[in-house]
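Chains as they are written, first to last, in the working numbering: chain S, 1 to 565; chain Z, 1 to 283.
Warning: the hint list may mix true and false statements.
[Unchecked claim] Derived DSS-like pairs (lysine-lysine); straight-line CA-CA distance at most 25 Å: (1) Z:Lys29 to S:Lys224; (2) S:Lys388 to Z:Lys29; (3) Z:Lys157 to Z:Lys283; (4) Z:Lys29 to S:Lys385; (5) S:Lys222 to Z:Lys152; (6) Z:Lys29 to S:Lys222.
Keep in mind that the hints were calculated from the coordinates and are not lab data.
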Amino acid sequence: MMKKVTFVLFALLLTVTGANAQFSETMKRSEVHGSFEFDGYYYLPDNTLGITDSSINGGNFAFNGFGNIIYTLGRFSAGLSYQAYLPPISGYDSQLEGQGIPYMWAKYTGEKFTFTVGNFYEQFGIGLTLRAYEEWTLGYDNSINGARVTYEPVKGLMLKGVYGVQRYYWEKWKPNTRGIVKGFDAEVDFNQVIKSMENSKFKLSIGGSAVSKYQAEDPSSKYKLPRNVSNVGGRINMGIGNFIVYSEYAWKVNDPSAVNNYIYKDGEALVVTLSYSTKGFGFFGMFKRLDNMSYRSDREVTSNALDINFLPPNTEIHNYMLTAMYPYSTQPNGEIGFQLQLNYKIPRKSKLGGKYGMGISVNYSQVNNIVRNPPNDSTPVGELKWEKYTMGWSSPFFKFGKPVFWQDFNIRINKKFSKKFKATFMYMYQTYDKWVNQQHVERDTMVYANIGVVDMTYKFTSKSALRWELQGFWSQQEYGSWAAMLLEYTISPHWFFSFTDQFNYSNPATHEKIHYYNFSFGYTLRTTRIAFTYGRQREGIVCVGGVCRPVPASDGFTLTITSSF
Amino acid sequence: MKKITTLLFLIIGSLFFFAACEIIDPPYKIEKPDHGDTIPDTILVKRVLVEDYTGHNCPNCPAAAEKAEDLKDFYGPQIIVMAVHAGYFAKPVPDDPLFSNDFRTPAGNAWNSFFNITSYPSGMINRIPDDQGNYIISPGNWGLTVDAELKKDAEAKITVQNDFSSGTRLLRTTVTTEFLAPQDVAFNLVVCITQDSIIGGQIFTTHVEENYVFMNVLRGTLNGDWGEDVSGGLDIVADEKYEKTYSIVFPAEWVAKHCHVVAFIYNTDTYSILQVEEKGVIK
Numbered sequence: 001m002m003k004k005v006t007f008v009l010f011a012l013l014l015t016v017t018g019a020n021a022q023f024s025e026t027m028k029r030s031e032v033h034g035s036f037e038f039d040g041y042y043y044l045p046d047n048t049l050g051i052t053d054s055s056i057n058g059g060n061f062a063f064n065g066f067g068n069i070i071y072t073l074g075r076f077s078a079g080l081s082y083q084a085y086l087p088p089i090s091g092y093d094s095q096l097e098g099q100g101i102p103y104m105w106a107k108y109t110g111e112k113f114t115f116t117v118g119n120f121y122e123q124f125g126i127g128l129t130l131r132a133y134e135e136w137t138l139g140y141d142n143s144i145n146g147a148r149v150t151y152e153p154v155k156g157l158m159l160k161g162v163y164g165v166q167r168y169y170w171e172k173w174k175p176n177t178r179g180i181v182k183g184f185d186a187e188v189d190f191n192q193v194i195k196s197m198e199n200s201k202f203k204l205s206i207g208g209s210a211v212s213k214y215q216a217e218d219p220s221s222k223y224k225l226p227r228n229v230s231n232v233g234g235r236i237n238m239g240i241g242n243f244i245v246y247s248e249y250a251w252k253v254n255d256p257s258a259v260n261n262y263i264y265k266d267g268e269a270l271v272v273t274l275s276y277s278t279k280g281f282g283f284f285g286m287f288k289r290l291d292n293m294s295y296r297s298d299r300e301v302t303s304n305a306l307d308i309n310f311l312p313p314n315t316e317i318h319n320y321m322l323t324a325m326y327p328y329s330t331q332p333n334g335e336i337g338f339q340l341q342l343n344y345k346i347p348r349k350s351k352l353g354g355k356y357g358m359g360i361s362v363n364y365s366q367v368n369n370i371v372r373n374p375p376n377d378s379t380p381v382g383e384l385k386w387e388k389y390t391m392g393w394s395s396p397f398f399k400f401g402k403p404v405f406w407q408d409f410n411i412r413i414n415k416k417f418s419k420k421f422k423a424t425f426m427y428m429y430q431t432y433d434k435w436v437n438q439q440h441v442e443r444d445t446m447v448y449a450n451i452g453v454v455d456m457t458y459k460f461t462s463k464s465a466l467r468w469e470l471q472g473f474w475s476q477q478e479y480g481s482w483a484a485m486l487l488e489y490t491i492s493p494h495w496f497f498s499f500t501d502q503f504n505y506s507n508p509a510t511h512e513k514i515h516y517y518n519f520s521f522g523y524t525l526r527t528t529r530i531a532f533t534y535g536r537q538r539e540g541i542v543c544v545g546g547v548c549r550p551v552p553a554s555d556g557f558t559l560t561i562t563s564s565f
Numbered sequence: 001m002k003k004i005t006t007l008l009f010l011i012i013g014s015l016f017f018f019a020a021c022e023i024i025d026p027p028y029k030i031e032k033p034d035h036g037d038t039i040p041d042t043i044l045v046k047r048v049l050v051e052d053y054t055g056h057n058c059p060n061c062p063a064a065a066e067k068a069e070d071l072k073d074f075y076g077p078q079i080i081v082m083a084v085h086a087g088y089f090a091k092p093v094p095d096d097p098l099f100s101n102d103f104r105t106p107a108g109n110a111w112n113s114f115f116n117i118t119s120y121p122s123g124m125i126n127r128i129p130d131d132q133g134n135y136i137i138s139p140g141n142w143g144l145t146v147d148a149e150l151k152k153d154a155e156a157k158i159t160v161q162n163d164f165s166s167g168t169r170l171l172r173t174t175v176t177t178e179f180l181a182p183q184d185v186a187f188n189l190v191v192c193i194t195q196d197s198i199i200g201g202q203i204f205t206t207h208v209e210e211n212y213v214f215m216n217v218l219r220g221t222l223n224g225d226w227g228e229d230v231s232g233g234l235d236i237v238a239d240e241k242y243e244k245t246y247s248i249v250f251p252a253e254w255v256a257k258h259c260h261v262v263a264f265i266y267n268t269d270t271y272s273i274l275q276v277e278e279k280g281v282i283k
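Whenever a hint applies, use it, and build me the whole structure from the sequences.
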């Protein structure tokens, strides 16, 4: 008996030791990575901005935060994202309020296959048929919850398939609510697939995708609604010497929705870009046309959610305070536009270039409405208004409509004067249809503005520098003219201190001539950054990639902590 | 070659599978049966309350109001709509005569806050929660929930009798509730006034409508935000008639000929509405 017990104990010990060794080995091969961001806001009453204790109504605190964790073990990886909006910072969609784990996934990467289950992001081409992505600064997340498979049978040929439902804030999917998305994409890179083209100067890849959504019919609808709506696209990417041409076209079948006012017209989108670059010179041109291309997994949703595809902007994205005051918002129901950009570096030791050379860039972009003609003899159509439950409009493909939604001409000069001092000078002329871009309701709200920026940096030592910006925004429309300045002192690699002020000095209403000042400082230690800000936020609009959210005016303290490991 | 052919089949097959679509040919309108305007008092049917939380500054709200009217058209008088103006978009705009209307009510504010409605338009269908306890339903899903709710049998009958004096502007309304089966939970009765055809400013996604016609606007309740116990605290028994009478003097801005009494009973444990009835103040 004693022998038996000893044997069992010995066997158990061996098993535990073996398991322990295996566990230690697994742990050694495992990797865990993560990133965190916490944005806390404390709102203060501000009579100048019309914010009172009663309008805050006890809601002084707001918090947006996330934590991403990714675990990897060889070919296997898994991850999750915790998110909290308690409540969301003002300007974020109130439907975000809540906390939990909206994003969880597991993935196996084989030699030719990858399998993902749970939540995932994906993009076909530039996204005209499908793009699932997340943009934290907008509070936007249209990730797909389902399954994703990729297959690369030969190097250079990639096949992808996705199937699932999209995230809609915190709302769990139920049958007969938002739709189910399925998509397939194939891309061939001929320079990899065909051996003789491996070293060719001519680069070619082509791709195609097909996406479909299924949403149950609303039994109370007085109109026939398609349950399955597909969106198919093709793309080509060619490189010849220093030239690169990319083109993508997508076509969507009848998709009546709240966004397009329930019309049965097909949709189409075309994006063509051409770029050329050589030492000291670069050119970029882009043409884009969208016609009824909103494509969402719920035909009734109009907020920033449930987009299946992505419609990229053809306008330059500006970062200076006053050049970014009126950002462009993509018009999915129809727009036609182009962008041209030239970059030139005046060589060193030339008359204009001086000791360090000088960079010049010129950019022009314009977006117009498409031309809308009546789809038949009996259905009227306006520039931005059309009849429900009809074919909507017909539109000649390359014709520019009269209303200009956006125009931006800007020229920028980058000049280094000495080892310690450099500057950027920028002039911009902007035309902006506020009504269209921000869904503001007053018509005739065109804003024309001349904007100037001087951005200078002086390095005191290799670790400390002062950057200051002076900006002017001159306009007769809406809020009138603005002046802005920034002072930012950096002590690398840890500290920064900054002060900004935007002054609406010529607002037609005297009580609206407001200084929007901000003080902030921050500390960075390796991958962790803590920043503290006090000041006013002016009312405006924030856009990323043509997707926008309004930001109401506010006053208060902000604490931001970001970290990764 | 065999490999390439297989791949081609795979790609083309996938394209067909993933590109499923339906082309809709005109006419787009579906001819629906006419349900008539009224259902005789003698016929007991399940009725559904569609609460549309809205505001005159909410650009997407007119589409939701239209959706509610579509439901009424489709299902007929079994649908009762109540437009509850509450929250951020319902605030009157100072110094703007077009948006000076204040359609908010204490009851609407209380419900808006209790059910945590923060985005508009939103709605509730008979205040039925989903599996996760959410009462709020976006307008796109109203139809499906209404359809499911109407498939249930009626479990109670409400009768409303109104007596309005145009001279004194006094409304006296008598609400009689009768359950088909005994109930082991308490039910509260809420009696509301709604008004149609109020003209005012409304923001749309594309423009401002200066003479927008507001329909089914909740004007107030006659017995508090949450009503009162329908049986006076006694056990509810089958076929017993529970009668309540309320009176109110109409304020000047309430136009009696456009007003309705909406009475509903709800389970005080779940807040879900068992039955609802609507009757014009003036026949």
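Against the structure, the hints:
1. About 6 Å separates the Cα atoms of Lys29 (chain Z) and Lys224 (chain S), which keeps this hinted pair within 25 Å; it holds.
2. Distance check on the hinted pair: Lys388 (chain S) and Lys29 (chain Z) sit about 11 Å apart at the alpha-carbon level, within 25 Å; holds.
3. With a C-alpha separation of about 20 Å, the suggested pairing of Lys157 (chain Z) with Lys283 (chain Z) holds against the 25 Å cut-off.
4. For the hint linking Lys29 (chain Z) to Lys385 (chain S), the alpha-carbon distance of about 20 Å falls within 25 Å, and the restraint holds.
5. Between Lys222 (chain S) and Lys152 (chain Z), the direct Cα distance comes to roughly 23 Å. Compliance with the 25 Å bound is thereby established for this hinted pair.
6. Between the alpha carbons of Lys29 (chain Z) and Lys222 (chain S) the distance comes to roughly 6 Å, so the proposed pair stays at or under 25 Å and holds.
In this structure, none of the earlier numbered hints is contradicted; all agree with it.
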